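**Student:** The residues making up each chain are set out below.
Number of protein chains: 2
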Amino acid sequence: VDAPRIAIDAMGGDGGAATMLAGAALALSRSPDLRFLIVGDEAAVRAELSRHKALAAASEVLHAPDKVSGDDKPSQAIRRAKTTSMGLAIQAVKEGEVAAAVSAGNTGALMAMAKLTLRTLPGIDRPALAALMPTLGDNDVVMLDLGANTECDANNLVQFALMGAAYSRIAMDIERPKTALLNIGSEELKGTGELKEAAAKLRAHPTLPLEFVGNVEADRINRGAVDVVVSDGFSGNIALKAVEGTARFVTDLLRRSFQSSFRSKMGFLLSRPALHLLRVHLDPNNHNGAVFLGLNGIVVKSHGSADAKGVANAIAVAAKLVRDDLNRLIAADLADYSAASAAPSAPIGSAA
Amino acid sequence: VDAPRIAIDAMGGDGGAATMLAGAALALSRSPDLRFLIVGDEAAVRAELSRHKALAAASEVLHAPDKVSGDDKPSQAIRRAKTTSMGLAIQAVKEGEVAAAVSAGNTGALMAMAKLTLRTLPGIDRPALAALMPTLGDNDVVMLDLGANTECDANNLVQFALMGAAYSRIAMDIERPKTALLNIGSEELKGTGELKEAAAKLRAHPTLPLEFVGNVEADRINRGAVDVVVSDGFSGNIALKAVEGTARFVTDLLRRSFQSSFRSKMGFLLSRPALHLLRVHLDPNNHNGAVFLGLNGIVVKSHGSADAKGVANAIAVAAKLVRDDLNRLIAADLADYSAASAAPSAPIGSAA
Chain X
115 VDAPRIAIDA
125 MGGDGGAATM
135 LAGAALALSR
145 SPDLRFLIVG
155 DEAAVRAELS
165 RHKALAAASE
175 VLHAPDKVSG
185 DDKPSQAIRR
195 AKTTSMGLAI
205 QAVKEGEVAA
215 AVSAGNTGAL
225 MAMAKLTLRT
235 LPGIDRPALA
245 ALMPTLGDND
255 VVMLDLGANT
265 ECDANNLVQF
275 ALMGAAYSRI
285 AMDIERPKTA
295 LLNIGSEELK
305 GTGELKEAAA
315 KLRAHPTLPL
325 EFVGNVEADR
335 INRGAVDVVV
345 SDGFSGNIAL
355 KAVEGTARFV
365 TDLLRRSFQS
375 SFRSKMGFLL
385 SRPALHLLRV
395 HLDPNNHNGA
405 VFLGLNGIVV
415 KSHGSADAKG
425 VANAIAVAAK
435 LVRDDLNRLI
445 AADLADYSAA
455 SAAPSAPIGS
465 AA
Chain B
115 VDAPRIAIDA
125 MGGDGGAATM
135 LAGAALALSR
145 SPDLRFLIVG
155 DEAAVRAELS
165 RHKALAAASE
175 VLHAPDKVSG
185 DDKPSQAIRR
195 AKTTSMGLAI
205 QAVKEGEVAA
215 AVSAGNTGAL
225 MAMAKLTLRT
235 LPGIDRPALA
245 ALMPTLGDND
255 VVMLDLGANT
265 ECDANNLVQF
275 ALMGAAYSRI
285 AMDIERPKTA
295 LLNIGSEELK
305 GTGELKEAAA
315 KLRAHPTLPL
325 EFVGNVEADR
335 INRGAVDVVV
345 SDGFSGNIAL
355 KAVEGTARFV
365 TDLLRRSFQS
375 SFRSKMGFLL
385 SRPALHLLRV
395 HLDPNNHNGA
405 VFLGLNGIVV
415 KSHGSADAKG
425 VANAIAVAAK
435 LVRDDLNRLI
445 AADLADYSAA
455 SAAPSAPIGS
465 AA
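Those sequence lines, one after another, are chains X and B.
For the first sequence, the positions run 115 to 466 when this note's numbering is used.
For the second sequence, the positions run 115 to 466 when this note's numbering is used.
Keep in mind that a hint or two might mislead.
Same chains, same names: a pair is fine if it fits in one copy or spans any two.
[To be verified] Once the Cα atoms are required to be at most 30 Å apart in a straight line, the calculated BS3-like pairs of lysine-lysine come out as:
no. : residue 1 : residue 2
1   : Lys187    : Lys310
2   : Lys292    : Lys187
3   : Lys167    : Lys208
4   : Lys310    : Lys229
Just so you know, the hints here were simulated from the structure itself, not pulled from any lab data.
Treat the numbers as computed from the prediction; the structure is a model and nothing was measured.
Using the sequences and the hints given, assemble the complete structure.
**Tutor:** Written as structure tokens, this is what we have:
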């Protein structure tokens with residue numbers, strides 16, 4: 115594979131072009147063969163590029179007269195797909211000018227535009243938003259869907275499981291990722307009808323490139339025992355945000371505790387390196403880069419508040435998924451699944 | 115009101131009769147006017163009572179030849195309602211022999227038996243499981259439903275809001291609790307149809323004894339800005355367990371960090387009082403006692419792993435709800451809501 119060229123939406127995210135280009139420059143310094151198409155207000159982009167010589171040499175600039183704001187509704191953003199930096203970055207993926215797009219802008223708008231412009235892969239009914247979360251184990255866990263689909267049927271969930279496992283195989287180098295459905299009990303009879311049906315379908319296909327381990331409860335997501343957690347977008351978003359909010363809650367309490375006395379302030383100073391380790395492990399910038407899985411093209415969402423390091427991580431995720439050809443992997447797994455489902459020996463009926 | 119008499123299921127919970135009776139003894143030492151009906155294997159109960167003289171003097175013992183185990187399905191438990199300690203404790207509530215029951219046993223069995231034996235309050239279609247969670251603010255937040263109902267319609271959610279607010283008024287002494295729906299965005303158009311319809315109904319009744327503040331995302335539950343968080347039992351259970359699991363995850367990481375070097379071990383020793391504050395704030399025992407709201411009787415679920423202090427807290431919750439007559443409050447609020455819904459000036463149609 116040639117070195118991947120990646121479109122950067124320079125105008126999204128809290129830090130705007132300065133942060134996005136600093137992130138691209140950092141990603142380039144780590145992977146010098148990367149190439150970029152920087153999409154945004156040309157004057158603003160050129161001004162930032164003048165501060166990053168190597169990046170300027172590795173980049174082309176595409177002027178976008180407009181940008182998507184955080185308040186734009188998806189429908190408003192879609193109408194301005196031909197003029198906004200986000201819209202043009204996705205368009206460049208569609209036209210094969212770049213291998214992937216990275217944006218830190220409005221998630222709903224990015225999802226709607228990516229879906230409309232790139233369309234879903236054959237055999238995929240709906241794309242899903244996936245992200246990596248830290249665990250107590252050696253590997254991050256892949257969670258999906260994180261909000262692209264409020265309601266899902268059993269086939270959607272099975273497709274999410276296949277896509278999430280493909281992502282885990284590439285991002286974490288796990289051969290048969292342990293894959294579970296997010297549920298409110300570990301027993302088989304728990305949860306909605308959709309979950310029970312999805313479990314039956316996954317259990318009926320023991321040759322999939324994943325190990326289906328049944329249900330996982332939300333308090334076990336980050337123990338490191340499962341590699342992929344599958345849910346509808348509503349439950350997944352609730353779980354993701356509850357995890358993020360609680361990590362912040364506990365660290366806020368910890369800070370407050372350390373300020374409660376002179377002795378604990380001294381303890382804090384001594385403990386600083388240990389607390390730094392904790393912060394590094396929990397820092398969202400170190401796990402940045404949510405991926406829209408299931409589209410004809412790679413689109414990565416960087417967190418709006420990510421710093422340059424976070425943006426560089428999101429770009430690295432995009433580059434890895436391009437190099438390891440995530441979408442070819444998903445297409446092959448789906449074909450195997452469909453073939454196995456159609457075979458007369460399959461224990462339960464056909465899929466999708 | 116007379117001093118409340120409370121039935122204790124002595125056989126539920128990881129610690130069995132020893133923990134349950136130690137918890138009751140602690141609750142009695144804090145509220146000497148409490149009285150108990152201890153339900154369980156008589157020999158085991160008497161043996162423990164011999165170690166708690168004051169409790170023995172304040173208690174009557176009801177022999178139960180059988181008990182519900184953690185593996186029993188709700189249907190199995192229901193068939194043994196007349197012989198198990200859990201079943202007889204709930205039966206005592208129904209017959210007016212006690213004002214409330216406290217059990218640390220199998221949640222699903224307790225819920226099913228309580229619903230079947232006590233039935234729902236007039237105007238309540240389904241009971242909900244509610245609990246208190248710590249926040250950064252001055253008050254705990256009430257969350258419900260935490261797993262009693264996998265799927266809910268808009269009227270269920272409105273009833274949960276009224277019941278949760280009544281619980282917050284009593285448990286937290288807040289006059290008009292800020293009440294929100296758990297959702298995946300703060301904007302009005304987010305989420306399922308049931309949530310949008312419930313929001314419209316709550317917004318149409320500005321005279322309710324609660325302040326409806328719209329949607330809350332799962333990362334804001336513990337910021338202290340809302341007093342009551344309303345959800346279906348699936349989402350609520352996911353959020354609750356994600357919060358519990360992440361709190362444990364961060365403290366596990368913290369412990370690991372402190373062990374990473376000699377210097378950080380010294381820091382840990384100095385910081386111990388500060389970390390103790392953190393532990394007290396997060397300790398589930400200090401927030402123990404989930405309540406089944408909406409039944410003709412008070413039933414409190416103590417956590418299976420709660421220690422004597424946790425059991426004492428669950429008993430204190432039950433006693434407070436009895437003394438302040440939670441169910442009278444809920445019935446009155448429901449009557450007001452129904453009257454307002456039926457009035458011709460109400461902006462939207464009637465409520466179930």
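**Student:** Each hint should be assessed against the structure and marked as holding or not.
**Tutor:** Structure-based check of each hint:
no. : hint            : result
1   : Lys187 - Lys310 : between (34 Å within a copy, 18 Å between copies)
2   : Lys292 - Lys187 : between (37 Å within a copy, 28 Å between copies)
3   : Lys167 - Lys208 : within (29 Å within a copy, 79 Å between copies)
4   : Lys310 - Lys229 : both (28 Å within a copy, 25 Å between copies)
Hint compliance for this structure: every hint is met.
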